[in-house]
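Q: Here the protein sequences line up with chains A and W, keeping their order. As numbered in my numbering, residues 1 to 284 make up the first sequence, in order. As numbered in my numbering, residues 285 to 571 make up the second sequence, in order.
Hint data in this document are derived by calculation from the structure and do not stem from the laboratory. Don't be surprised by glycine CBs; every beta carbon is placed ideally from N, CA and C. Be careful, since some hints might not be right.
[What the hints assert, rightly or not] Each computed DSSO-like pair below joins lysine-lysine, with the alpha-carbon atoms no more than 30 Å apart:
no., chain 1, residue 1, chain 2, residue 2
1, A, LYS84, A, LYS138
2, W, LYS289, A, LYS175
3, W, LYS335, A, LYS86
4, W, LYS287, A, LYS84
5, A, LYS84, W, LYS330
6, A, LYS94, W, LYS335
7, W, LYS459, A, LYS86
[Claimed, not checked] Sample of chain A residues facing chain W (criterion: CB under 10 Å; computed from the structure):
no., residue
8, LYS86
9, GLY95
10, ILE96
11, PRO98
12, VAL148
13, ALA179
14, ASP193
15, THR231
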Amino acid sequence: MFKKGLIILMALMLTGPALAKSGKNSIQVKGSDTMVNLGQAWAEKYMEENPGEFVAVTGGGSGTGFSSLISGTCDIAMASRSIKGKEISLANQKGINPTEIKVALDGLAVVVNPANPVSKLTLDQLAGIFTGTISNWKDVGGKDEKIVILSREINSGTHVYFKEHVLRKGNADGKEEFAQSALLLSSSQAIADEVAGNASAIGYYGMGYISAKQKAIAVAKDASSEYITPTIENVVDGKYPISRPLFIYVNGAPQGLVKKFIDFALYKEGQDIVLKTDFVPIIK
Amino acid sequence: MRKLKEFIIEKLILICGLASIFFVVLIFLFLLKEGLAVFSTVSPFKFLFGKNWYPISDPPQLGILPLILGSLLVTLGAAIISIPIGVGCAVYIAEVAPANLKEILKAGIELLAAIPSVVLGFIGMVTLVPFVKTFFHLPTGLTALSGSIMLAFMAMPTIVSIAEDALYSVPKTYKEGAFALGATHWQTIHRVMLPAASRGIVAAIMLGIGRVIGETMAVMMITGNAAVMPNSIFAPVRTLTATIAAEMGEAVVGSEHYFALFAIGIVLFIISFAINVTADLFLHKRQ
Chain A
1 MFKKGLIILM ALMLTGPALA KSGKNSIQVK GSDTMVNLGQ AWAEKYMEEN
51 PGEFVAVTGG GSGTGFSSLI SGTCDIAMAS RSIKGKEISL ANQKGINPTE
101 IKVALDGLAV VVNPANPVSK LTLDQLAGIF TGTISNWKDV GGKDEKIVIL
151 SREINSGTHV YFKEHVLRKG NADGKEEFAQ SALLLSSSQA IADEVAGNAS
201 AIGYYGMGYI SAKQKAIAVA KDASSEYITP TIENVVDGKY PISRPLFIYV
251 NGAPQGLVKK FIDFALYKEG QDIVLKTDFV PIIK
Chain W
285 MRKLKEFIIE KLILICGLAS IFFVVLIFLF LLKEGLAVFS TVSPFKFLFG
335 KNWYPISDPP QLGILPLILG SLLVTLGAAI ISIPIGVGCA VYIAEVAPAN
385 LKEILKAGIE LLAAIPSVVL GFIGMVTLVP FVKTFFHLPT GLTALSGSIM
435 LAFMAMPTIV SIAEDALYSV PKTYKEGAFA LGATHWQTIH RVMLPAASRG
485 IVAAIMLGIG RVIGETMAVM MITGNAAVMP NSIFAPVRTL TATIAAEMGE
535 AVVGSEHYFA LFAIGIVLFI ISFAINVTAD LFLHKRQ
């Protein structure tokens, strides 16, 4: 693993930017932090099967991926949200035509510390907690403790998705915002660590990050519906209410190496990797 | 021939001397060009005193008062911690410590300065943050206080080494004179040495504070980054620097958000400029 990485690194240094630009032998993949492990796993398997071809994967956030695609510094942008109108018009100005390809599904888990007695919430309660109108755990059946809200930084597609689909409940004209007191952490792992060590914290991230140190909340659409836990089966069935598609974006119709890589990601092998990295495949 | 050589060298040095000013002016002009564009959508008053920072909402709310106060609060906390310890440490090294201990302490201080800030931030995140949380019974340890303590570590090496130099450069005769008049060691230090070195010590403090206000990585990791009006040092804050670092990657080039981040850069520039000017004024008054 390490050796391979070293060889790739050296090859990249030797062949340098010329190759990255021409795209003959290597692909630059950039974007969503949620998808960086998935992209990395794809790249490793792909390079194993296609020696002599290089795939470099970097994170930075969905927005970072889009701006790199627009400025031509990457071939594939990974994104956990759809591209915005503003970004499309900016891309068109530069002669770039972003094409969306759905590659996987992701359930967003809402997590608390295992010591927290609360284990199920409705979407309304979640919206109340994250906008700050519910500020004490006792209002949702927990202890008399102040709720510590953890959110991802605003360059995260997960942040944007959660705001649009939980806080604003899909209403495009909604004005709801995260509470000002929400802590903005720079990675999903940072949220996982803080939840693991803080009994009054609540956070959210892709289900891949759930471990024994956090407890995933069962979520219901409204008070009269069933409470659903974020598991792969429930996301595939569409029962779990907070799940989202994951995309990759390329310029125009994929060609050459980029097409080959995307085909690899979309078929059996690639989708098996999706399942292994705790996301939900789009084909069964 | 010798004259020509002399001439060339003189001019080369002149160019080197002017280069730094030239670059500062260029940077400032670039900041102004990009940053002032934000004021076509939001008034300077609303920008500086607005209490809501929601840059990616539609329409964006671009008020940076919580960020300014966050930066100032963290810096103030760091100054309160690092100035007494730093100056005390400098006095001890320069005046009291035996020669061999002096060398060990100086090496230690230099080592502290050599630790990259991201490493300090990481250490703070896993050790200091949980400690602050349990010690003060707070809902979270990601607070301004944690940031202040960690930044104090970063300011200390600057303060100690420059203040110590200032103490060394006090003429030996001052000290001898004080002793000759029958002053004790402590009286000599606080009545003679400290006042005589005060200009250098103020410079040391100012440079230390300058380092703190511009620090980014460590504060981003341990202050929680909540853009809320800070009402206590035990609450999370979001600083100016962390905001630029966290959001620059996402900002769409040419958007209001992008210009607003450059305008924050101008504010930071003005704050550090003000710190330097105050230090300068103070020094010249003393002279």
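Q: Each hint needs a verdict: does it hold in this structure or not?
A: Okay, the hints, checked on the actual structure:
1. Simply put, A:LYS84 and A:LYS138 have alpha-carbon atoms about 38 Å apart, too far for the 30 Å limit, and the pair is violated.
2. For the hint pairing W:LYS289 with A:LYS175, the CA-to-CA distance comes to about 70 Å; that exceeds 30 Å, so the pair is violated.
3. For the proposed pair W:LYS335 and A:LYS86, the alpha carbon gap of about 26 Å is at most 30 Å, so the pair holds.
4. Between W:LYS287 and A:LYS84 the alpha-carbon distance is near 66 Å, which puts this suggested pair outside the 30 Å criterion.
5. Distance restraint check for A:LYS84 and W:LYS330: the Cα-Cα separation of roughly 27 Å lies within the 30 Å cut-off, and the hinted pair is therefore satisfied.
6. The hinted pair formed by A:LYS94 and W:LYS335 fails the criterion: a straight-line CA distance of about 36 Å is larger than 30 Å.
7. The straight-line distance between the Cα atoms of W:LYS459 and A:LYS86 is roughly 69 Å, outside the 30 Å bound, and the hint therefore fails.
8. The beta carbon of A:LYS86 is positioned within 10 Å of a beta carbon in chain W (closest approach about 6 Å), and the interface hint is therefore held.
9. With 10 Å as the threshold, the beta carbon of A:GLY95 stays out of range of chain W, its nearest partner Cβ sitting at about 16 Å, so the hint is violated.
10. Proximity of A:ILE96 to chain W is violated relative to the hint, the smallest CB-CB distance being about 13 Å (cut-off 10 Å).
11. The beta carbon of A:PRO98 is not positioned within 10 Å of any beta carbon in chain W (closest approach about 13 Å), and the interface hint is therefore violated.
12. Interface hint at A:VAL148: satisfied, since its Cβ lies 5 Å from the closest Cβ of chain W, which is below the 10 Å cut-off.
13. A distance limit of 10 Å between C-beta atoms decides the matter here; for A:ALA179 the minimum to chain W is near 8 Å, and the interface restraint holds.
14. At its closest, the beta carbon of A:ASP193 sits 8 Å from a beta carbon of chain W; the interface hint therefore holds under the 10 Å criterion.
15. With a cut of 10 Å, the hint placing A:THR231 at the interface with chain W is violated, because the nearest CB-to-CB distance is about 29 Å.
Comparing the model with each numbered hint stated earlier shows that hints 1, 2, 4, 6, 7, 9, 10, 11, 15 do not hold.
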